[in-house]
Structure formats: structure tokens, C-alpha cells
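Student: Those protein sequence lines, which keep their order, are chains Y and P. Heads up: the first sequence runs through residues 1 to 329, numbered per full-length UniProt numbering. Heads up: the second sequence runs through residues 1 to 459, numbered per full-length UniProt numbering.
Worth flagging that the hints you see were computed from the coordinates, not collected in a lab. The model shown is predicted, which means the values in this text are computed figures rather than measured ones. There's no promise every hint is true.
Straight-line alpha carbon distances no greater than 20 Å define the calculated EDC-like cross-link-like pairs of lysine to aspartate or glutamate that follow [said to hold, decoys possible]:
#, chain 1, residue 1, chain 2, residue 2
1, Y, K259, P, E38
2, P, K21, Y, D256
3, Y, K268, P, E49
4, Y, K295, P, D156
5, Y, K268, P, E82
6, Y, K142, Y, E66
7, Y, K259, P, E49
8, Y, K295, P, E79
9, Y, K302, P, E38
10, Y, K114, P, D156
11, Y, K299, P, E80
12, Y, K299, P, E82
13, Y, K302, P, D156
14, P, K386, P, D419
15, Y, K302, P, D419
16, Y, K268, P, D156
17, Y, K142, P, D154
18, P, K43, Y, E66
19, Y, K142, P, D188
20, Y, K313, P, E26
21, Y, K299, P, E53
22, Y, K259, P, D34
23, Y, K313, P, E79
24, Y, K295, P, D52
25, Y, K302, P, D188
26, Y, K295, P, E53
Output of the computed footprint for chain Y on chain P, the stretches with three or more beta carbons under 8 Å from beta carbons of chain Y [as the list claims (entries may be wrong)]:
#, stretch
27, 35-46
28, 206-218
Facing chain Y, from chain P, some residues (calculated, C-beta under 10 Å) [claimed, not checked]:
#, residue
29, R185
30, N229
31, T409
Yeah, the Cβ is synthetic: ideal placement off N, Cα and C, and Gly gets one too.
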Amino acid sequence: MAAKRTTKKTNVSGDELKQYYYDMLMIRRFEEKAGQLYGMGLIGGFCHLYIGQEAVVVGLEAAAEEGDKRVTSYRDHGHMLACGMDPNGVMAELTGREGGYSKGKGGSMHMFSKEKHFYGGHGIVAAQVPIGAGLAFADKYKDNGRVTFTYFGDGAANQGQVYETFNMAALWDLPVIFVIENNQYAMGTAQKRSTSTPDIYTRGTAFGIPGEAVDGMDVLAVKDAGERAVAHCRKGKGPYILEVKTYRYRGHSMSDPAKYRTREEVQKMREERDAIDHVRQMLLDGKHASEDELKALDKDIKAIVNASADFAKESPLPAVEELWTDIYA
Amino acid sequence: MAIEILMPALSPTMEEGTLAKWLVKEGDAVSSGDIIAEIETDKATMEFEAVDEGVMGQILVAEGTENVPVNTAIATLLEEGEEAGAPPTPSDAPTAPAPALAAAIASPAPATAGAPSDAPAPDLSADWPVGTETKQQTVREALRDAMAEEMRGDEDVYLMGEEVAEYQGAYKISQGLLEEFGARRVIDTPITEHGFAGIAVGAAFGGLKPIVEFMTFNFAMQAIDQIINSAAKTLYMSGGQMGAPMVFRGPNGAAARVGAQHSQDYAAWYAQIPGLKVAMPYSASDAKGLLKSSIRDPNPVIFLENEILYGRSFEVPLLDDFTVPFGKARIWREGSDVTIVSFGIGMQYALEAAEKLAEDGIEAEVIDLRTLRPIDYDTVLNSVMKTNRCVTVEEGWPVGAIGNHLSATIMTRAFDYLDAPVLNCTGKDVPMPYAANLEKLALVTTQEVIDAVKQVTYR
Numbered sequence: 001m002a003a004k005r006t007t008k009k010t011n012v013s014g015d016e017l018k019q020y021y022y023d024m025l026m027i028r029r030f031e032e033k034a035g036q037l038y039g040m041g042l043i044g045g046f047c048h049l050y051i052g053q054e055a056v057v058v059g060l061e062a063a064a065e066e067g068d069k070r071v072t073s074y075r076d077h078g079h080m081l082a083c084g085m086d087p088n089g090v091m092a093e094l095t096g097r098e099g100g101y102s103k104g105k106g107g108s109m110h111m112f113s114k115e116k117h118f119y120g121g122h123g124i125v126a127a128q129v130p131i132g133a134g135l136a137f138a139d140k141y142k143d144n145g146r147v148t149f150t151y152f153g154d155g156a157a158n159q160g161q162v163y164e165t166f167n168m169a170a171l172w173d174l175p176v177i178f179v180i181e182n183n184q185y186a187m188g189t190a191q192k193r194s195t196s197t198p199d200i201y202t203r204g205t206a207f208g209i210p211g212e213a214v215d216g217m218d219v220l221a222v223k224d225a226g227e228r229a230v231a232h233c234r235k236g237k238g239p240y241i242l243e244v245k246t247y248r249y250r251g252h253s254m255s256d257p258a259k260y261r262t263r264e265e266v267q268k269m270r271e272e273r274d275a276i277d278h279v280r281q282m283l284l285d286g287k288h289a290s291e292d293e294l295k296a297l298d299k300d301i302k303a304i305v306n307a308s309a310d311f312a313k314e315s316p317l318p319a320v321e322e323l324w325t326d327i328y329a
Numbered sequence: 001m002a003i004e005i006l007m008p009a010l011s012p013t014m015e016e017g018t019l020a021k022w023l024v025k026e027g028d029a030v031s032s033g034d035i036i037a038e039i040e041t042d043k044a045t046m047e048f049e050a051v052d053e054g055v056m057g058q059i060l061v062a063e064g065t066e067n068v069p070v071n072t073a074i075a076t077l078l079e080e081g082e083e084a085g086a087p088p089t090p091s092d093a094p095t096a097p098a099p100a101l102a103a104a105i106a107s108p109a110p111a112t113a114g115a116p117s118d119a120p121a122p123d124l125s126a127d128w129p130v131g132t133e134t135k136q137q138t139v140r141e142a143l144r145d146a147m148a149e150e151m152r153g154d155e156d157v158y159l160m161g162e163e164v165a166e167y168q169g170a171y172k173i174s175q176g177l178l179e180e181f182g183a184r185r186v187i188d189t190p191i192t193e194h195g196f197a198g199i200a201v202g203a204a205f206g207g208l209k210p211i212v213e214f215m216t217f218n219f220a221m222q223a224i225d226q227i228i229n230s231a232a233k234t235l236y237m238s239g240g241q242m243g244a245p246m247v248f249r250g251p252n253g254a255a256a257r258v259g260a261q262h263s264q265d266y267a268a269w270y271a272q273i274p275g276l277k278v279a280m281p282y283s284a285s286d287a288k289g290l291l292k293s294s295i296r297d298p299n300p301v302i303f304l305e306n307e308i309l310y311g312r313s314f315e316v317p318l319l320d321d322f323t324v325p326f327g328k329a330r331i332w333r334e335g336s337d338v339t340i341v342s343f344g345i346g347m348q349y350a351l352e353a354a355e356k357l358a359e360d361g362i363e364a365e366v367i368d369l370r371t372l373r374p375i376d377y378d379t380v381l382n383s384v385m386k387t388n389r390c391v392t393v394e395e396g397w398p399v400g401a402i403g404n405h406l407s408a409t410i411m412t413r414a415f416d417y418l419d420a421p422v423l424n425c426t427g428k429d430v431p432m433p434y435a436a437n438l439e440k441l442a443l444v445t446t447q448e449v450i451d452a453v454k455q456v457t458y459r
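Take the sequences, apply the hints, and build the full model.
Tutor: Okay, here's the thing in C-alpha cells:
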């Protein structure tokens with residue numbers, strides 16, 4: 001992993017940088033609020049926070065076009081916000097209310113938005129991988145030029161269906177980008193204890209799928225890599241693998257005491273490698289924004305997040321009749 | 001106004017915990033993400049992070065305190081410029097938990113599954129109009145015609161599976177389809193059931209209508225997570241936004257002498273899953289009419305065929321667009337002494353038994369369920385209320401069998417009409433043996449059906 005800051009001086013504009021800052025901070029504040037509501041018992045079950053990994057999805061969304069699709073695992077709140085889904089609908093789904101994206105029937109791990117081409121939210125590790133290739137299959141069948149971002153973790157990368165999918169995606173030249181969000185821990189198991197090789201992106205080699213490692217704490221590096229992958233897919237050259245090396249600050253889920261790593265390790269990442277701080281510094285250094293402007297942005301974001309929490313608390317529980325709806329179309 | 005910091009719930013089941021340690025003291029500045037305390041749950045010691053920025057006001061619960069209920073105020077946090085003495089506001093007080101819980105328990109009965117309570121109202125109409133011309137056709141040809149007709153009518157329908165294209169189908173069901181529709185729509189897959197089932201689910205989410213052929217349903221066990229967790233449940237989990245309009249089809253159940261791993265009836269497995277529809281035809285006309293309905297259905301359909309029946313011929317109506325609806329059983333033979341309910345290849349034993357029983361003066365009414373989700377309870381109940389006796393016949397294992405479910409339904413809705421217990425004829429509770437004599441013993445037999453009927457009719 002390119003551990004040092006190697007961001008090229010790309011001609012990214014101040015406005016773009018501000019947008020990335022805003023989008024990443026939105027995810028972080030949203031997740032902090034979700035953690036708080038979980039602590040208050042307003043969110044139940046499993047709740048997997050995306051804090052620390054924000055640059056991955058924000059960088060890749062910057063490379064996507066309207067109509068492109070995305071599908072991911074159960075650590076999905078960040079992906080939904082980044083593709084433009086409404087924070088109110090996401091938060092209300094977390095609280096299991098009528099105003100949630102799935103009317104309260106899906107929960108944290110099972111949300112969808114056809115309008116935003118977000119195909120879930122999947123609770124079974126790696127099940128979204130063939131599904132993502134299937135979405136790409138449909139696009140190729142319809143010859144519509146779309147690509148699908150299929151996100152999964154370093155843990156999921158050890159599931160057999162990933163390799164079944166790699167084979168068919170390569171065989172049929174499906175326009176799918178496999179985004180391996182390597183946050184270094186499969187729940188509590190460090191990558192070196194679970195994965196035979198350090199570089200997961202090379203696992204496509206056996207299938208003839210090109211891959212590259214990307215610094216996932218650098219939103220611009222992620223965006224650049226995303227653009228390369230998208231261009232590859234849109235040219236009809238088949239799938240592409242991006243192993244985005246990232247880090248989650250929180251536990252695997254809310255109930256994870258995270259004793260498999262030291263507090264110092266987490267603190268070091270937060271202090272030295274934080275993706276949001278990185279962009280913040282670029283904004284300040286490049287005089288694209290002042291401290292006061294950034295503070296105002298943070299305030300705007302907090303207002304939106306607080307409003308989503310209020311909405312999620314006030315939205316009624318689903319009507320009891322909903323128990324029996326949506327089983328069959 | 002000061003913000004109350006509340007005792008957090010840190011696991012799905014936590015109701016109280018121990019405030020093990022404070023990592024900040026009154027007057028310390030904290031920002032979002034700072035670890036302020038350690039809390040012991042029922043499972044582990046967890047770090048508790050600040051969500052808001054500010055200065056620690058009063059610590060209300062001392063470290064070491066046990067059994068602190070979730071949502072108790074444990075400290076206050078002062079915002080910029082606030083005094084330590086400011087009264088706390090219960091800013092994020094939790095809303096009352098689940099007010100609709102009591103109502104939920106008293107929820108209405110299900111519309112689809114379970115046991116509706118009223119008198120049965122069976123649809124006894126014929127599958128095709130009287131006088132319609134028919135022809136003899138094998139189940140194999142009928143299935144092929146159904147797919148071809150639907151593929152002609154809808155560009156989004158495609159077929160994928162092992163050996164479906166160039167080989168023309170391992171059991172020749174897809175014969176000629178590659179030639180007519182081309183390699184874009186008739187797709188040979190690698191031997192990779194889990195993977196291609198998942199790809200087909202994704203394609204269905206993406207707007208296509210896949211037909212997935214499993215060379216046999218035994219191999220679909222490799223793919224069952226995608227069938228159930230992804231295909232069957234997504235419509236519900238998405239609040240009705242999107243589902244998987246697709247068909248999983250292939251031969252199911254015992255063939256002949258292929259041993260335990262290739263001889264299993266999955267009818268009861270799939271019939272248990274809300275979100276799936278399940279068809280298991282016996283005749284060629286049902287194979288054709290139900291497969292066409294399945295392909296058009298906006299839900300995932302499990303379509304269970306049978307290798308032994310593929311070559312068998314039946315009357316099929318010569319109609320441009322012949323379909324059979326889900327949830328409508330077919331009465332093959334009317335009778336007043338006993339009701340025999342079966343489906344799929346079980347019908348062979350049911351019908352043979354009925355013929356022989358007639359020779360002894362016992363008139364059996366034989367019902368083919370045709371679809372197992374939904375099940376046409378009304379036709380069964382209507383018949384049982386007439387005959388007062390029922391025997392079920394299926395090839396699958398006896399524990400958790402379709403017959404068990406029918407018995408329970410009949411007991412619930414027609415208890416007073418029964419003159420004998422409902423008997424279930426099933427396959428034996430053993431893995432399928434290879435030896436010819438043992439295999440024969442493991443399967444349900446016509447004689448067993450006859451014996452069961454004699455038992456319930458006290459002959």
C-alpha cells in the first residue's frame with residue numbers, strides 16, 4: 001500500500017474538493033448519529049458503521065455517471081448517502097419506521113433505491129458479488145453502456161462465490177467493477193490471519209481481470225482509480241478490480257468491543273491518515289476555503305443529520321398490516 | 001443548555017450494564033469520537049465515544065456502578081459558553097418503545113399462507129374450453145414450447161444453465177432454443193451453481209426475466225442462499241420496491257439408480273419459503289401452462305420437474321396462448337369414498353391406486369395440487385368434506401412433508417368432517433439407496449397408497 005500521501009497535484013477544483021469534503025463529512029456525522037441512536041436503543045439489531053472508510057465510496061461515486069449501478073454489503077449507510085439517497089429515509093429505516101426506505105421492514109442491512117440505482121444492502125457476506133455481476137449482465141444484455149460498482153470487503157473476498165463470479169464476469173466481459181474495501185479486518189480477524197496473500201487485487205490475475213491497489217484514505221486517489229476502472233468497463237473490456245485499502249475506526253458492528261486491535265493502532269490511523277482531515281488540509285492549504293467556511297459546512301451537515309434523526313424518531317412504526325404486504329408482487 | 005449523556009445500549013440485547021471507568025473528568029473538553037468511558041455489557045467491555053462536542057459537565061454516575069439501565073443520564077455535556085450548573089435538557093430522550101406491539105400480536109390473519117377459516121370456495125373450472133383440439137405431447141416438448149413461446153413474446157426472457165445451449169440441454173429440454181434465439185439469450189454457464197444463480201438474481205433486479213435451469217435440483221443446494229436470501233426475500237426487505245421476476249427450473253426427485261446425492265425431492269423445502277412460488281406439474285399440459293405462467297410471474301418461481309416424467313405423453317390443448325394459473329388444483333378423477341391428494345410424480349401412484357381401488361368398489365377422488373405455493377386448499381377441503389377421508393401421496397421424506405401440512409390444515413378447517421385420520425404416504429426416511437431392490441423400497445408405492453386408502457375406509 002502506498003502509505004504516504006502521494007496524491008498527485010491533479011487539477012481538481014476547489015469546488016470539487018469541497019464537495020468531497022462535504023460528502024465524506026456527511027457520512028461521518030450521519031454514522032456518529034446512528035451510533036448514538038443505537039446507544040439509546042432506537043436502532044436495534046446489527047448496525048455496521050462506515051466511519052473511517054468514507055473516501056472509498058465518495059471517490060468512486062465521483063467517477064460514476066447517472067444510470068450506473070451499485071450494490072454492497074451490510075455496511076451500507078455510506079454508499080446510500082453517497083449515491084444521493086435521502087438521509088431521512090435511511091435513518092428512518094435504521095429506526096424501523098414507516099418513513100424508512102423499506103418501510104421499516106429491511107433495517108440497516110437491507111435497503112434499496114431503484115431510483116438511485118442502489119441495489120442493496122445485502123446481509124450475507126459476498127452474496128452481493130454475483131448479484132452485482134448480474135446487474136452488469138442485464139446492462140450488457142440491454143447494451144446500455146452502464147457499469148456496476150460491486151463493493152465487498154476483504155473478508156468477503158474469501159468466499160467461493162466471488163471466484164465463481166470472477167470467472168463468469170471475465171468470460172462474458174461484464175461491465176462490473178469489483179471494489180474490495182479492504183479495511184484489514186474480517187470482523188475480528190486480521191487480514192494476515194485470514195488471507196493467504198497480502199494483495200487481494202492480484203486474485204483477478206487467474207481470471208485475466210486487471211486489478212490495482214488504491215490508497216483508500218485519499219479520496220482523489222480513489223477517484224482516479226475509479227475513472228480508470230470505469231473507462232475500462234465502458235470500453236467493453238470486461239471487469240476490473242480495485243482493492244481499496246482503508247480502515248474502519250469503529251468495531252465490526254455496534255456490539256463489537258474490538259479487542260483484536262489496539263487503541264493505539266486506531267488512534268494512529270485517525271490522527272495520521274484520516275481522509276476527511278486530509279481534504280480539509282488541502283482546502284485550507286490551497287486557500288479554497290477558510291476555517292469559518294468549513295465550520296459552517298459542518299454546521300449545515302449537523303443540521304441535516306439532526307433533522308434525519310428527528311424524522312427517524314417521529315416517523316410512525318409501520319402499520320401492522322405491513323406484516324403481510326410485499327411478500328408477492 | 002447542557003446535553004445529557006445517556007447510558008448506551010451496546011449490543012442488540014443489552015438492557016443494563018456497568019459503568020466500568022470514566023476516561024474523562026468534569027471540565028475536560030471532548031470532541032466527537034473521543035472515548036469518554038468504558039462500559040461493561042453482558043458480553044464485553046466496550047469503549048463509549050462522545051458524539052457531540054463540548055466540555056464535560058457533571059458526572060452523574062460514578063465509575064464502578066453496576067446495573068445502570070440503558071438510557072439513564074450518566075453525565076452532562078456543556079456546549080460552548082455554558083456554565084457547569086446549567087440544568088440538563090433531555091435532548092435525545094428515547095421515544096416510547098414499540099407502542100404498536102400489542103396491536104401487532106392481534107394482527108389480522110395472513111391472506112396467503114396459514115389457514116383461512118371460512119367455507120372452501122374451489123374453482124372447479126376446466127383448464128381449457130370443451131371442444132378445444134388437443135394433441136399428444138411429451139412433458140419434455142411441452143416445457144420447450146413454453147419457453148420458446150415466452151421468449152418469442154418477451155425480449156427480456158432468457159435461459160441460462162449448464163449445457164442448455166450447444167448441448168441442447170442435459171435432458172434435451174432446451175432443444176432448438178439456441179438455434180432460434182441465439183447465444184445472447186440461451187447461455188451455457190460454467191458448472192458454478194451458486195455463482196450463476198446469483199448472477200441471474202442480479203439480472204432480475206436489473207430488469208431481465210431469467211429462466212435458470214439447474215441440471216437437477218440436487219445441485220441447486222449449492223445456490224440455495226441466493227434463491228432464498230436474495231431472490232425470495234428482497235421484495236419484502238425493500239418494502240416492495242424491487243424483487244426478482246425469475247424461474248428456477250429443472251428435474252427434482254428420484255430418477256433411477258442414481259443414489260442418494262442425486263435423488264431428493266425438494267417440494268417441502270421450497271414450499272416453506274414466503275416470497276417463492278412453487279410449481280410441481282405432473283402432466284404435459286400443466287408443465288406447459290404453468291411454466292408459461294411462471295415466466296410471466298413477477299415473483300421468483302421454483303419449478304420442479306421430474307426426469308421420469310419428461311418422456312411421458314399427455315393431451316395438450318392446441319391454443320395460441322395456453323396458461324395454467326397458480327393455486328388451482330386439478331381434479332383428475334371424481335369419487336365419493338376418499339380423497340387422494342398428490343402432485344408431481346406422486347400423481348402416478350395416486351392414479352394407479354385409484355384405478356385398482358375402483359376394482360374393489362372404492363371410488364377415490366384424485367386431486368393434483370400442481371402448485372405448492374400457493375396451495376389450493378379450497379379444492380382439497382371441498383373434496384374432503386364430501387368424502388370424509390384423505391390420503392396424501394408424495395415422494396419426499398416424511399418429516400415436515402407437504403402431506404403433514406395438508407393434514408394439519410384439514411384438521412383445522414374440516415375436523416368435524418373427518419371419519420378417519422388423514423394418512424400421509426411418503427418416501428421412506430432414509431437416504432436413497434443405489435441397489436435396485438432397496439431403491440424400490442425407499443420410494444412410495446402404489447400398493448402403499450392402496451393400503452392407506454383401505455385403512456381410512458376401514459376395508
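Student: Regarding the pair K268(Y) and D156(P), is the alpha-carbon distance no greater than 20 Å?
Tutor: Outside the cut-off at roughly 52 Å; violated.
Student: Once the shortest beta carbon distance from R185(P) to chain Y is found, is it less than 10 Å?
Tutor: Check passed: Cβ of R185(P) comes within 8 Å of chain Y, closer than 10 Å.
Student: Within a Cα-Cα threshold of 20 Å, do K268(Y) and E49(P) meet the stated pairing?
Tutor: holds, 17 Å
Student: If you draw a straight line from the CA of K302(Y) to the CA of D419(P), is it 20 Å or shorter?
Tutor: violated, 71 Å
Student: Holds or violated: are the alpha carbons of K302(Y) and E38(P) at most 20 Å from each other?
Tutor: Judged against 20 Å, a Cα distance of about 26 Å means the pair is violated.
Student: Starting from K295(Y), check that the Cα of E53(P) is at most 20 Å away, please.
Tutor: holds, 13 Å
Student: Do the alpha carbons of K295(Y) and D52(P) lie within 20 Å of each other, as the hint requires?
Tutor: holds, 14 Å
Student: Just to be careful, I want the Cα atoms of K259(Y) and E38(P) compared with a cutoff of 20 Å; is the pair within it?
Tutor: holds, 13 Å
Student: Does K295(Y) pair with D156(P) here, judged by a C-alpha cut-off of 20 Å?
Tutor: violated, 51 Å
Student: Can the restraint linking K313(Y) and E79(P) be considered satisfied, given a maximum Cα separation of 20 Å?
Tutor: Violated - the C-alpha atoms of E79(P) and K313(Y) are around 23 Å apart, more than 20 Å.
Student: Is the straight-line distance between the alpha-carbon of K386(P) and that of D419(P) 20 Å or less?
Tutor: Holds, at about 11 Å.
Student: Within 20 Å, alpha carbon to alpha carbon, are K299(Y) and E82(P)?
Tutor: Holds, because 19 Å separates the two Cα atoms, which is no more than 20 Å.
Of the numbered hints given earlier, the model fails hints 4, 5, 9, 13, 15, 16, 18, 20, 23, 25, 31; all others are met.
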